[in-house]
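Asker: Sequence:
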Amino acid sequence: MESKKSVGVSGLGLALLLGAQGAMAQVAVQPQAIPFGSFVLVPALVTQTVYDDNVYNTHTDEVSSFYQTLNPSFAFIAQDRLNVYSATYAINAASYANDSDDSYADQLFDLKAHIESNARLRFDLGANYAMTHDARGVGFTSGSSLTELYAYGEVDKFDLATLSAGVEYGAKDARGLLRADVSTSQKRYDRELVAKARDNDSMSASVGLRARLMPKTQFLIDIEHATTEYESSSGSPDSTDNRIFAGIEWKGTAQTTGKLRLGQSKREVDGLDDKSKFSWDVDVIWQPRQFDSINLNSGNRLSDATLPYVSLENTHYGVSWKHDWAERLNTVVSLGFSTDDYEAPAGVKNRTDDSSQYGVSVNYQMRRWLIWNASIQATDRSSDVQIYDTKRNVMSVGAQISL
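Residue numbers (mature numbering (1 follows the signal peptide of the UniProt record, and there is no 0)): -25 to -1, 1 to 378.
Hints are computed from structural coordinates only; laboratory data are not their basis. For clarity, every value in this text was computed on a predicted model and none was experimentally measured. The beta carbon of each residue, even a glycine, is placed where N, CA and C say it ideally should be. Any given hint might turn out to be false.
Okay, derived cross-link-like pairs now, DSSO-like style, lysine-lysine, Cα gap no bigger than 30 Å in a straight line [stated by the list, open to error]:
(1) Lys147 <-> Lys87
(2) Lys250 <-> Lys234
(3) Lys234 <-> Lys147
(4) Lys241 <-> Lys324
If you anchor each label on the Cβ, the simulated ranges turn out as follows [claimed, not checked]:
(5) Gln361 <-> Leu271: 27 to 35 Å
(6) Tyr64 <-> Glu243: 34 to 42 Å
(7) Arg95 <-> Thr228: 24 to 32 Å
(8) Thr215 <-> Thr306: 41 to 49 Å
(9) Val113 <-> Glu243: 42 to 50 Å
(10) Gly274 <-> Gln352: 19 to 27 Å
(11) Phe41 <-> Val142: 44 to 52 Å
(12) His200 <-> Gly274: 17 to 25 Å
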């Protein structure tokens, strides 16, 4: 009696599970599944050994450490024609050599359903519950001194619950498509002394139109709305974001696949003047040769910031180059630049950070079910508030494993 079967018989289900593992990648784990009633079980494991020369991302008194990460996941997938259902449980754990207070064991529970009622109507439903954390030196503790970080104790734990739904109307080969999405989330921190200032409920909704201009090119319009309400009036102020974009997306045209959106963003924060900005979102993959792909991306976005700041404008530019040296070996070189403009309430100085990031990674697929990888990433952040001037280098070796 067979104990395993290939997930290839349910390609759509596997695609929804693996997501953006790499549509163009040749080096990719090809898991097999274990029959489990009307479902199939797809177990996977990602593990890494990491060296970080500035664990807390501090300006002075940098602390270095080795740590080991372990990320097992178990996905149950069922498929009924074009309808796909999945339930996933994952653990993301790390053990630090320098200080056990930096170690963590995050958990994730995720439910998804993709339902195609007919050729013109499709639904996506999701429920997600994460027990996760902010590392020391991130979020609320960013910019803290080493003494303050040690006094803070263990990592900053929080729970995040999310519900989402989406509907798409129009045949996939029709001249027009309509899409609507809505999601709501609740974020709750464990530390009672500072939790109320950061605990929040958020909601987002969007409506999109796609109109086919050519066989592989679509015109798009997206309208997005998001609100964040905080539990305590003494914490971050409530905010509302509205965005409208117009642009195009294309696939396989002149050796490129991509999306270009241009538009306007308006942000309203209680107690501050409204802010309107030109915004954009660009993501292009260019494949000049069979074994090379170059990814270009850029964007500008307004969002919430971490106390004592109340609003953040992020502008970023990035490029990466992937080269397939052989069927089972590739390298990725990446370069990125970003500017973060933080807005603060009266009495607190605004802040601007300029960051650059460089990375190199190597991936080798030793077996169908095993990929070895190694990477180096360097980050340099320059700020007009000196305590946020930081440099950080992270090196890792690891493996992706499946059945």
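Asker: It remains to establish, for every hint, whether it holds in the given structure.
Answerer: Results of checking the hints against the structure:
no., hint, result
1, Lys147 <-> Lys87, "holds, 21 Å"
2, Lys250 <-> Lys234, "holds, 26 Å"
3, Lys234 <-> Lys147, "holds, 18 Å"
4, Lys241 <-> Lys324, "holds, 22 Å"
5, Gln361 <-> Leu271: 27 to 35 Å, "holds, 33 Å"
6, Tyr64 <-> Glu243: 34 to 42 Å, "holds, 38 Å"
7, Arg95 <-> Thr228: 24 to 32 Å, "holds, 26 Å"
8, Thr215 <-> Thr306: 41 to 49 Å, "holds, 44 Å"
9, Val113 <-> Glu243: 42 to 50 Å, "violated, 27 Å"
10, Gly274 <-> Gln352: 19 to 27 Å, "holds, 20 Å"
11, Phe41 <-> Val142: 44 to 52 Å, "holds, 47 Å"
12, His200 <-> Gly274: 17 to 25 Å, "holds, 18 Å"
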